[in-house]
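The chain contents come next:
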Amino acid sequence: SQELEQSPQSLIVQEGKNLTINCTSSKTLYGLYWYKQKYGEGLIFLMMLQKGGEEKSHEKITAKLDEKKQQSSLHITASQPSHAGIYLCGADIGGGATNKLIFGTGTLLAVQP
Amino acid sequence: EAQVTQNPRYLITVTGKKLTVTCSQNMNHEYMSWYRQDPGLGLRQIYYSMNVEVTDKGDVPEGYKVSRKEKRNFPLILESPSPNQTSLYFCASTSWGGAETQYFGPGTRLLVL
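Note that the protein sequences, when read in sequence, are chains A and B. Residue 825 is where the first sequence starts when you use the working numbering, and the numbers rise one by one after that. Residue 18 is where the second sequence starts when you use the working numbering, and the numbers rise one by one after that.
EDC-like mimics (lysine to aspartate or glutamate), calculated; alpha carbons at most 16 Å apart, straight line:
no.: 1; chain 1: B; residue 1: Lys88; chain 2: B; residue 2: Glu47
no.: 2; chain 1: A; residue 1: Lys862; chain 2: B; residue 2: Asp55
no.: 3; chain 1: B; residue 1: Lys74; chain 2: A; residue 2: Asp916
no.: 4; chain 1: A; residue 1: Lys884; chain 2: A; residue 2: Glu839
no.: 5; chain 1: B; residue 1: Lys86; chain 2: B; residue 2: Glu47
no.: 6; chain 1: B; residue 1: Lys34; chain 2: B; residue 2: Glu96
FYI, nobody ran anything at the bench for these hints, they're computed from the structure.
Next up, chain A with everything else stripped away, as it sits in the complex (with noise of 0.2 Å):
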């Protein structure tokens, strides 16, 4: 069965600092997702990749898909405290655009000011 890694399980970087965040998959990846939660409340969609080499970004959060599709990689730059929180990647495994998700263990983020 396919599975997401995600690394590193947590992390804690000074205020200003860049973080990568990485997601990889045994399988092709169609449909690589970023989502955002703070604990214990809802998650926040962050955006999706699908194309292999395709480059997202939003405000200072940037995700890539890597050529191969089986790894995406999410960067923030000059980290600020808002963006502290549990990082999650998820994957479509029903072939793309079906909605059939799985997901990774998740990254937690500290950022301290």
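Given the coordinates of chain A, assemble chain B onto it according to the supplied hints.
Chain B only, in chain A's frame:
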């Protein structure tokens, strides 16, 4: 305002007492899903629906039922709840065909005694 609503937000019940968690979206989205989130196990998909009267099993469908009679509603039914269904549940809806945006409900905390 675009939103996904879930009710109830908190529920304590006893083993075997049937319950329904409602989910409603106001964005005319085709795709809707149910997830559960558990410590150590992460976020897992229970059921998803690609349109009215079209539903399919996610990762952990056992013990749950869903229906999609109208586009806006996607209730989650626990016919005979058991303590292992104690969890945090999220409903989500997704637009497709370009927008690629997901909206999550605020979550329902369920405790089954």
